[in-house]
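Asks: So the chains spell out like this:
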Amino acid sequence: MRSIAFALCLLPGIVPAMDRATADSLVARATAAYTQGDHAGALALFDSVYQHWRSAGLAYAIGNCHFKLDQVPEAIVSYERALLLEPGAEDVKANLELARQRTMDRVNELPTFRLGGSWDRWLGGRDVDQWARRGLWGWSLAFVIAALALLSRGTLRTVGLSIAGTCILFALLSVGLAARRLRAVEHPAAGIVMQPRVDVRSEPREGATTLFLLHSGTKVSLGAERSGWVEVTLANGNVGWMPAAALQVI
Amino acid sequence: MMRRTLLLLLAGLTWPLLAAAQEITFDARVDRTSFEGGASIRLTITLANAQGSFSNPDLGGLTVVQGPFESSSFNYVNGRMSSTVSRTYVITATRPGTYTIGPASARVGGGTLQTQPITVKVEKGSGATSDRLLNEGQQRDRDLFVTISLSKSKVHVGEQVVATYTLFSRYPNLELSKYDLPALNGFWAEEIDRGETTWEDQLRTVNGLQYRVAVLKKQLLFPQRAGTLRIEPLRITCVVNRSFFNRGSQVEAMSNATELQVLPLPPNAPPGMQGAVGSFSFSGALDRDQLRADEALELTLTVNGSGNLKLIEAPALDLPPDVERYDPKVNDRISISGNGMSGSRSFTYLLIPRHAGELVLGPFALSFFDVQAGAYRTVQAGPFTVQVTPGSGSGQAQLSRPSKADVEVLDTDIRFLRTGDLDLRPAGHHLLGSWAWWSGMAAPVLAFAVFLVWRRREDQRAADPAGRRRREADKVARRRFKDAHDALKRDAREPFYTAMNKALHGYLGDRFGLGAAELNAAALERALGERPDAAALARQATDLIAACDMARYAPLEVKPRQAMYEEAITLVQRLERP
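For the protein sequence lines, the chains are C and D, in the order given.
Residue numbering for the first sequence follows the numbering used here, beginning at 1 and increasing consecutively.
Residue numbering for the second sequence follows the numbering used here, beginning at 1001 and increasing consecutively.
Quick caveat, the hints were computed from the structure, so don't treat them as lab data.
One or more of the hints may lead you astray.
[Unchecked claim] Just some of the chain C residues that point at chain D, by a computed CB distance under 10 Å:
hint: 1; residue: Ala-56
hint: 2; residue: Val-92
hint: 3; residue: Asn-95
hint: 4; residue: Ser-152
hint: 5; residue: His-215
hint: 6; residue: Trp-229
[As the list claims (entries may be wrong)] On the chain C side, residues computed to face chain D include the following (Cβ under 10 Å):
hint: 7; residue: Met-104
hint: 8; residue: Arg-106
hint: 9; residue: Gly-135
hint: 10; residue: Ala-179
hint: 11; residue: Ala-245
Given the structure is predicted, the values throughout are model-derived calculations rather than measurements.
Glycine is no exception: its CB is placed at the ideal position from the N, C-alpha and C atoms.
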């Protein structure tokens, strides 16, 4: 079914610049280089694939290469990307934790209501298109069931119509989730500080009061943007402005 | 030592009196063939049992410090006569290298005797005092001075240097009352044991003045940090000219200060480098290669060579975690001499394998900086294989020890790459919002709309019973007369009437349950029952059948075939309609 969906994606003439076989062979070469300890070589190969192809496993591999090359902020960016593509992935979370231990800032997160990793997995999963596909199925099923119900009589008809209604609701919910997921992947609202030391200021201009200092590898939520400055929010709720150049959007 | 003996028959002829004359020998010898620069050796040339003069040899660059001293002896014992003439030189060299002392020649009788050339080697002295130091010392005090000389002026961190403290004195009588050794900052020092301080045999001439020389002290220095390390002057206090009549006078002397250039070790140190500098070999041994679990095993790792042996720490053992180990016992066999520190240091580890199986220990590595090569080197010992058989199992220890242990986390590292399919997707393309997705969403809606339209039409038809019956009767009639219709189209006469006959008989028979024999107007009318037009219909049907039969068996057609067909259809439709 996946391959069908994949083929459907390709149908309207969207052909990636790098074909799948090339991408697979590059990934195999990069994995071999990584295994032999040539992390810089592996990184170059993985990056070339990432230009045209996306997957949580690929972003995770790039993060690992950066980590091995002691480029901790870049590694964190890649791990966060992998987590966006596959929320709740155990291996990514473990490595991200190790990478975070090497950063300087410790930000206490505000207590928020969070469900566990299995909920994340259920909501996200490895496949970004999962909810769009579920929506499609629910939608189609709803109309098939409705048609069947209209053909029958009595209780069967009532039951059938209510099932169809449920399917419609499920489909709409799925589309909503798919849209939310897509927005999170395509327009991530978080960034990683890349510069060793950044002043976070109260206003978007040089020389404004420095509210706090951030060091490379710290994750911030992104807000409004204004002439090269971006409003950032820390996990502990602190807000300030910093130059957009000091950040890498996930 | 080279010696050459010549027997001259001529000698015997010249002195017939000496019936028991000794052999004539002429040789040259030195007391040492290798010495440090600045030291001196004795060269002795001896002519035995002959009269004659001999020439001085070519010293090949060595300089004569004293001499030559000539001596001769003559013995007459039990009628045997022997005589020797010898000449002694005290010679020295300041620059290291290899020197050849050429042959000396002697004319004896009518012949010439030659000594063998001698090769001597002058080494770079560890304690040789350079002329510059001597000149400086002499300028400080003409009668008494001390020098500190180093065997090398430029070394790496950890490389050994010999420091020699030498006293030069012109006082005939001197007592050393005290000396303060300079503080050695940045060095790790090791004394070289030279026994009692004594005056050297030879006097040393500096710019025409002769001095008595005594080496006060020799030290082995290991610089601990890079940079220019300075050794402060040595200060001594002596009492001179003390005699029975004189209490003597106190004289102070200072040495020079000296500096040592210490180069840092190169940056690309191998991982196991712990600061060993020198030239080492590394070996290991096990006291046995087979034992039971929980028995003890001794592993001895030995570092052999010269360098800062005493600073070598026990190499870290990379052992399987289920092997219990104890701190190593260090055993030194190190000698410290003017040539530096050399010998061996061995580490004995007590190991207790806890589980049975083949146990591979090592290989163990020792990394050091090789001074000669100017690069790091890593030497390996092992690996060693030990067969561990299961423990006796009867001992208390076996019972008290838990059979399971927690898995020990030794280190943390990131997890490895994903090994399976990476599940790649084209970048920037998603199902949601795509062409395919919109079509997929629209298709069921359109299909449902089509379904609704169809259903509506069905409902409308169901709401008109008369029309429906008409349509159904029509359908039945057309089905029955299909063959006849075909034949009509083909314009085939005979098959048309056969089909018509067959269809009418079949229809009426099936419809009213009448056999072919019973098919007549009366029976049909009965079968049609209550209908007002029953009689007319029955007659029409039988007429039609009769007309068909007639046309079938006789070439007589009552009506055109098309009209006949239409009539039959109409008849069936009317019969079908209630």
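Asks: Any hints from earlier that this structure breaks? Give me their numbers in increasing order, please.
Replies: Structure breaks hints 4, 5, 6, 7, 8, 11.
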